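Q: Going line by line, the protein sequences match chains A and B. All you need for the numbering used here is the position in the first sequence, starting with 1, plus 8. All you need for the numbering used here is the position in the second sequence, starting with 1, plus 13.
Treat the hints as calculated values from the structure; they're not laboratory data. Treat the numbers as computed from the prediction; the structure is a model and nothing was measured. Every residue, glycine too, gets a C-beta built ideally from N, C-alpha and C. Where hints are given, some of them may not hold.
[Unchecked claim] Going by beta-carbon spacing under 8 Å, a handful of chain A positions derived as facing chain B: (1) S81; (2) A123; (3) L130; (4) G287; (5) S288; (6) L292.
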Amino acid sequence: MTKPTDEEQIRMLAGELNRRDFLKRLGYASALALGAGGLGLALYDTKGPTVSKGRKALTGLGDFRLKGPAPGSAKMAIVRGADRGAMFERGIKALGGMEAFIRQGDRVLVKVNAAFATPASLGATTHPDLLAAVAGLCFKAGAAQVLVTDNPINNPDSCFGTSGLAEAARAAGARIIAPRAALFVPVSLPEGQLLQNWPVMAGAFQGVTKVIVVSPVKDHQRAGASMTLKNLYGFLGGRRNVFHQDINGIITELAQLLKPTLCVLDGTVSMMTNGPTGGSLSDLKETGTLVVSTDPVAADAVGVELLGRTLADVPYIRMAEKAGAGLADYRGLNPAVLDTKT
Amino acid sequence: MARVKAKVSAAQKLTGYVILAVLGLITAGLLLQQSRFNPAVNAARRAPLLKAAAPATPGGAPAATAAFLPEVEGFTPLGPVESYGPETLSDKIDGKAELYLSAGFKEMSCRSFALGAPGGEHVDVFLYDMDTPPNAYAVFSGQRRPGSPAGSLTAHAYATANALFFTQGRFYVEIVADRASEKLQVSLAAYAEELLAKLPSEGAAKDEAALFPQEGLAPDSVRLSATDAFGLEGLNNVLTGEYDLKDGKATAFIAVRETPEQARAEARRYLEFLAANGYRQVQTPGGPGDMPVLVLDNSFEAVFVEGRTLAGVHDATSPAAALQLAANLRAKLKEKP
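Make the full structure from the sequences, and use the hints.
A: This is the structure:
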């Protein structure tokens, strides 16, 4: 093969860069750029993403209430005393015993309040003695597994560890489910104003057949009080502090998101001031009361009284009642009032 | 002259098609992912789920407050110093964050310690930078535990059975143990002294209680509301003091503004706010003409302006208590140079 002459090379070069070819290529390039730009414009969503169409958000965490409670049993027990374990045993017995709620092979999720890495003595978290009592009776009733969870946002290992909940769970044979990204899926509450496509720790509910919410009674700087319903806030992921601007609204929606099997509200010692963190032992008061209830709204209504407040001081309770989550006038449930000292 | 087209070999063509196919696949993948895009899940993944420590601002420099937390003999750190900024404070203290944020919070560093042998007392130290001394006083006074004795650490300090709380300049400090004992108090005070030695000195603290008439003033009841005092949006930086007087109980309030006009405008706004909430003006024979007294459900309010100070009485249990306290307060304000 002979090498092209200088003249041929000039011709080839001239052939590629002649005016017609140049304009043609310029036209192609412009059309391609315009097409790509137009396609981008056509695909641009000015409103931003809404609920995914291809992957539907969950509409709730489930209804775990018993369909037919034990006949003759109370729906709520208010137990006076100082020993959390003994108080819970008395209370659950009045509701028909743990066997009425937990059946052989049940997989039970216990939602605790482990929001802070503070020792149990400061009353900012679910007391480990109460968790031990609840988990122990679950196993005794035949539960195959007891899972304990919360999403404290900040350093969950430290929160579960320092509060004593990790050790209590381990000793009782329960397993802690610490939050991790894979557990969160988007949830949209039908008709919800706030819970739209928001990450919720629904992964912790996989295979779960019963849910027990175990909460302390606390003052709360923003919500007025932190008890059972506020405890459900711990299922939320993301930058959930945005909801503090409408704290009553979000708690009301959380009350609709999950219907627990059982609620245990611990007012043995209540945090009367400077909640939800407290810090001083003088923030605490021995209020000597534990509530075991199938109705979270009714349980919280009792808690409000332990804090020396009224339902007007804690608006989300009435709002949750209006949303159908329970009964604010807890006396309408004819609660069994018991005392462990008698 | 005949045009010569550039020759493209089969291999070049194949390479071109492969590149185009890969680009097409990438486009299809992007479109598929875009259709499933979910900001909520992304938000969850961004959330600091398992972090042990963080700078005060995400991605920012380490918090300045971290350097002030001393290592003190006998206090064994249980972990690294943690720091939080306005965006992350609620990760640590949840709903309490609003109290600090509304008062000008800048950053906070904290650390946990064990005292003595393993299983000994657990101590948490929180150091808040509130940007200004009044802001620090606002969060200090707003959380003051009634009946707790004043401490000698600083001008604004008190102790409870298991904890110390104090301000130093723009800093607010909490040193909290998990139990109460006299020996423990000595250790907490030792830590506080070392911390104070590291904090920058910002001059003498203001004595807010001295602004109020002393007759009937409940000890340690003086508080500073940084924002939205008495539920009125924008009524900021209001000092209050609680009184027990012969004619009943009442709360006095003082809010110093930059000019008398500002004070008068704010007084008008507060009176309009009270009226909008159902308060009605009552006649007070013998009372000063420039001091309206309003009532709702046996709760009396009196409002006046003295120079550039908006002042008055809130939630008095009788008109006599309201007028008496308002007169005492006005006399006290006139004493000011």
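Q: Indicate, hint by hint, whether the structure satisfies it.
A: Here is what the structure says about each hint:
1. Violation of the interface hint for A:S81 is found here, the shortest Cβ-Cβ separation to chain B being roughly 35 Å, above the 8 Å cut-off.
2. Taken as an interface hint, A:A123 checks out: its beta carbon lies about 5 Å from the nearest beta carbon of chain B, inside 8 Å.
3. Below 8 Å, beta-carbon pairs count as interface contacts, and A:L130 has one with chain B at about 6 Å; its hint therefore holds.
4. This hint holds: A:G287 has a C-beta 5 Å from the nearest C-beta of chain B, less than the 8 Å allowed.
5. Hint status for A:S288: holds, given a least beta-carbon distance of 4 Å to chain B, under 8 Å.
6. The beta carbon of A:L292 is not positioned within 8 Å of any beta carbon in chain B (closest approach about 10 Å), and the interface hint is therefore violated.
Of the hints listed earlier, those the structure fails to meet are numbers 1, 6, in rising order.
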